[in-house]
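Starting from the structure of chain Z, add chain F where the hints point.
Protein chains in written order, with the working numbering: chain Z, 304 to 418; chain F, 11 to 122.
Derived from the structure by calculation, the hints contain no laboratory data. Quantities reported herein were computed from a predicted structural model and do not represent experimental measurements. Be aware that a few hints might be false.
Using 20 Å as the maximum straight-line C-alpha spacing, the simulated SDA-like pairs for lysine to any residue come out as follows [unchecked claim]: (1) Lys360(Z) / Thr323(Z); (2) Lys11(F) / Gln347(Z); (3) Lys52(F) / Thr406(Z); (4) Lys360(Z) / Ser382(Z); (5) Lys52(F) / Ile329(Z); (6) Lys11(F) / Thr323(Z).
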Amino acid sequence: KAGVTQTPRYLIKTRGQQVTLSCSPISGHRSVSWYQQTPGQGLQFLFEYFSETQRNKGNFPGRFSGRQFSNSRSEMNVSTLELGDSALYLCASSLFLAGGEETQYFGPGTRLLVL
Amino acid sequence: KQEVTQIPAALSVPEGENLVLNCSFTDSAIYNLQWFRQDPGKGLTSLLLIQSSQREQTSGRLNASLDKSSGRSTLYIAASQPGDSATYLCAVSGTSYDKVIFGPGTSLSVIP
Chain Z
304 KAGVTQTPRY LIKTRGQQVT LSCSPISGHR SVSWYQQTPG QGLQFLFEYF SETQRNKGNF
364 PGRFSGRQFS NSRSEMNVST LELGDSALYL CASSLFLAGG EETQYFGPGT RLLVL
Chain F
11 KQEVTQIPAA LSVPEGENLV LNCSFTDSAI YNLQWFRQDP GKGLTSLLLI QSSQREQTSG
71 RLNASLDKSS GRSTLYIAAS QPGDSATYLC AVSGTSYDKV IFGPGTSLSV IP
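Next comes chain Z alone, as it looks inside the complex:
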């Protein structure tokens, strides 16, 4: 079956703009998590959605938000972009996260460059 897909794959924005990234999980998966990866901070958890509800949130400012739709597709939004938001944003899906036996499956990521 198809893997996790993320769109767009690459994005260039300028400071102050906002951006929306999209993630389509593996069919049947209801949990979607988002991560930010930078050379300096490594992989950091942003938030997780399960059945359209945000179930957990990492330590990121309110400029980072997300949502999940009834078909489990998820979007994350970053408002008022800063240079430090330049990163690879990864999405992962699983049947059940953090409490189940399910492996996380990662998408290829969206590389965001803020100028």
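Chain F in isolation, oriented as in the chain Z frame:
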């Protein structure tokens, strides 16, 4: 607060050598530990997942062990190949609906 570290940060070995990557975590109250592989500029590929009740998992040339009480996991790669060159990350999940904490990764280079 859970912290995950990985040693070494980088490793270069000749092809055919067996090698061990290490992962340590500070809070032993984990639900599972997962090893991932990441190729440059790409997403993560899950290699092995070990539940807290398990001691090890094997897949092909890979073997991962978990010692929850000491807060350690190792990833053993047998007969390394150039195609194994990548960054290897370990990640732990907490005992509730907790976020997944990743280690910084070990960059592996297998020289032909």
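For each hint, the structure was consulted:
1. Lys360(Z) / Thr323(Z): 18 Å, holds
2. Lys11(F) / Gln347(Z): Given that 20 Å is the threshold and the Cα spacing comes to 14 Å, the pair holds.
3. Lys52(F) / Thr406(Z): 18 Å, holds
4. Lys360(Z) / Ser382(Z): 17 Å, holds
5. Lys52(F) / Ile329(Z): 18 Å, holds
6. Lys11(F) / Thr323(Z): Roughly 30 Å between the alpha carbons, so the hint for Lys11(F) and Thr323(Z) is violated.
Checked against the numbered hints given earlier, the structure breaks only hint 6 and satisfies all the rest.
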